[in-house]
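These protein sequence lines are chains F and B, in that order.
For the first sequence, the working numbering begins at 45 and goes up steadily by one.
For the second sequence, the working numbering begins at 45 and goes up steadily by one.
By construction, these hints were calculated from the structure, which means they are not laboratory data.
A couple of the hints might just be wrong.
Any copy will do: because identical chains look the same in the list, a pair fits if it lies in one copy or spans two.
To be verified - Using 20 Å as the maximum straight-line C-alpha spacing, the simulated DMTMM-like pairs for lysine to aspartate or glutamate come out as follows: (1) K197 with E186; (2) K91 with D106; (3) K46 with E201; (4) K113 with E163.
2 protein chains.
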Amino acid sequence: MKKAVVLLSGGLDSTVTIAVAISAGLEVIPLTINYGQRHMRELRAAKEVVKFYNLENHVIIDLDLTVFKTSALTSPDFDVPEGTGDDLSGTMIPVTYVPSRNIIFLGIAAGLCESESAEKIFIGANSIDYSGYPDCRPEFLEAFQKTLEVGTKAGIEGRPLSIEAPLLYLTKADIVGLGKRLGAPLHLTWSCYKGGVKACGRCDSCLLRLRGFREAGYEDEIAYEVRS
Amino acid sequence: MKKAVVLLSGGLDSTVTIAVAISAGLEVIPLTINYGQRHMRELRAAKEVVKFYNLENHVIIDLDLTVFKTSALTSPDFDVPEGTGDDLSGTMIPVTYVPSRNIIFLGIAAGLCESESAEKIFIGANSIDYSGYPDCRPEFLEAFQKTLEVGTKAGIEGRPLSIEAPLLYLTKADIVGLGKRLGAPLHLTWSCYKGGVKACGRCDSCLLRLRGFREAGYEDEIAYEVRS
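Just need the whole structure built from these sequences, with the hints factored in.
Structure representation (structure tokens):
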């Protein structure tokens, strides 16, 4: 059975991504980076998703990125902004951008792949209904793939790791529909940028998620403060 | 004054690299990743180098990579091998290879650059007298540079971060000579893969270092168990 490392934040996209990897018959190693994001709610969601799938090999790596002072997700100096609900895939990069996050996360995933003799890295990057982050785009993933080919032992020995981003060209509604078809535990996931008991329903991430469920024709079973 | 993040392990190469960056008139932010390497001796050296240069902005980030079980530098399951003294730049990758280490470190450095509005990342990668690591080669650095251009906010806004590897094509003797000319505190650095009170004098890293000093015509002032 081929092995794959799956980056799992505990959000909607990464949970559908792990469902895709499992349904493809791969032996999955879930990898969660605890990077000092504002709340631990997301980490709890990741653990619950891993438990749902009866996986016992969850790798959780602590990496304190709170030194990155410019992101609302790693610094207490910012409030998480409320979303506008429109033009979420525009060219302006929001304050929730964590510098180089996917470069760092894919790098750690690549190291774990090499260490575990896995062949694939799954990431829930999405270039359609996303928040404008540069490291969620196909150009980035292609460049990183090339980096793995020349910069890892596996690569120069002719067994390059491959990056799989099965959600890259899906809308949020597509992602919800795919997750539902695969039986992914969407009710356990957490997308809100804030860490309350209920999702806020106001930040970009909540707005994208709610719209995705609505357009897919499903109800989002998690609790919200407001449903816009 | 332009800013640069300098990856500083506390070894010979990264210390000469920070000397190069300082002598170029850059405002330097030293970045050390404490990644669970076998010993803290290297971290102490990094701190002493930073103190030597009177820098007060040393960023130390903890990242536990001991989950990478295949490297002698992160796993207690291996002994650090003794070097042979010849053919150190051959094609075989030694057990001291830490999977994807420079991808991860450069990713974190890139994030810090973006966060601090710095423009350059300095790394002491060397492709001549090195231990055969794939992530020390020019091909890797070029691919990573391309990744930064498309995968960071700075890159897509037309201010791509640049990776500077001033030692890339130098021999170890060249590096020693350059460090001496720049007044770098080579006596504070630590290269040995082991963490004893004295450097072992037997591992690949010690052998490379000792040969470099010998060929450059300088005495290595640190203490060794044996000097081969």
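Query raised in the report: Which hints from the list above does the structure break, by number from lowest to highest?
Result: none
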